[in-house]
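Produce the complete structure using the sequences and hints provided.
Chains as they are written, first to last, in the working numbering: chain A, 19 to 133; chain B, -15 to 101.
Because the hints were derived from the structure by calculation, they are not lab data. Be aware that a few hints might be false.
[Said to hold, decoys possible] Pairs of lysine to aspartate or glutamate residues, derived as EDC-like cross-links and limited to a Cα-Cα distance of at most 16 angstroms, are as follows:
hint	chain 1	residue 1	chain 2	residue 2
1	A	Lys32	A	Asp106
2	B	Lys88	A	Glu105
3	B	Lys62	B	Glu1
4	A	Lys32	A	Glu105
5	B	Lys54	B	Glu1
6	B	Lys62	B	Asp10
7	B	Lys57	B	Glu36
8	B	Lys88	A	Glu77
9	A	Lys59	B	Glu(-6)
What you are looking at is a predicted structure, and each value in this text was computed from that prediction instead of being measured.
The chain contents come next:
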Amino acid sequence: GAVVSQHPSWVICKSGTSVKIECRSLDFQATTMFWYRQFPKQSLMLMATSNEGSKATYEQGVEKDKFLINHASLTLSTLTVTSAHPEDSSFYICSGLAGGGYEQYFGPGTRLTVT
Amino acid sequence: AQTVTQSQPEMSVQEAETVTLSCTYDTSENNYYLFWYKQPPSRQMILVIRQEAYKQQNATENRFSVNFQKAAKSFSLKISDSQLGDTAMYFCAFTLGRDFGNEKLTFGTGTRLTIIP
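Spelled out as structure tokens, the structure:
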């Protein structure tokens, strides 16, 4: 199957700072990428959908000014958590969708801890 | 809007036994795709099996098979000869796919499966 990487796998930051998470499709071109958030023992919650070269579409209740998503190329999307607070601590997962396909390929996730 | 329901929060079964995880969904569309994903303790999402709604034949992947009942909107996962490595969280998921311009995946709440040695 297709491979998606995320970097970093775990990040600790101080309250008030910003942190960037990268999502890369390694062996396919991801025309659409998705960002999810997952709390412990819960399901994945879709945060936003991004198409290469376009602005991201955010789900209801997700602050777009806080969670900045950039999908500048067909192999890279980034999620920046701005002015992070302890409640932003969570597990963030990205996925990529190849052109013409319907199956999402998931990255390994990034654990964010805000102190 | 589409919804996916997994009514079994937790299940456990003895190693080598067979276990069935249930999933129901709701949609008014006729063409769609269903998936079972496994999330082990590493938290990497792993595709277990997929089913295209236009296919009547149930999908199988080695020890994993589904019982797809389109009219009943049911999509259960059967794991045969269960192994310790099957211990994980299992999510049922639904998408209309790209044909509808809506590739979003809708996930169920998950079933935590434990295989007992």
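Hint by hint, here is what the structure shows:
1. For the hint linking A:Lys32 to A:Asp106, the alpha-carbon distance of about 11 angstroms falls within 16 angstroms, and the restraint holds.
2. Simply put, B:Lys88 and A:Glu105 have alpha-carbon atoms about 25 angstroms apart, too far for the 16 angstroms limit, and the pair is violated.
3. Proximity of B:Lys62 to B:Glu1 is assessed by CA-CA distance (about 11 angstroms); at most 16 angstroms being required, the pair is judged to hold.
4. Taken as a hint, the A:Lys32 and A:Glu105 pair is honoured in the structure, with Cα atoms around 12 angstroms apart against an allowance of 16 angstroms.
5. With a CA separation close to 27 angstroms, the supplied pair B:Lys54 and B:Glu1 exceeds the 16 angstroms bound.
6. For the given pair, B:Lys62 sits about 21 angstroms from B:Asp10 by alpha-carbon distance, which is inconsistent with the 16 angstroms threshold.
7. Pair hint B:Lys57 plus B:Glu36 holds up; C-alpha atoms about 13 angstroms apart against a cutoff of 16 angstroms.
8. Between B:Lys88 and A:Glu77 the alpha-carbon distance is near 11 angstroms, which keeps this suggested pair within the 16 angstroms criterion.
9. A hinted pair counts as satisfied when its Cα atoms are at most 16 angstroms apart, and A:Lys59 with B:Glu(-6) qualifies at roughly 11 angstroms.
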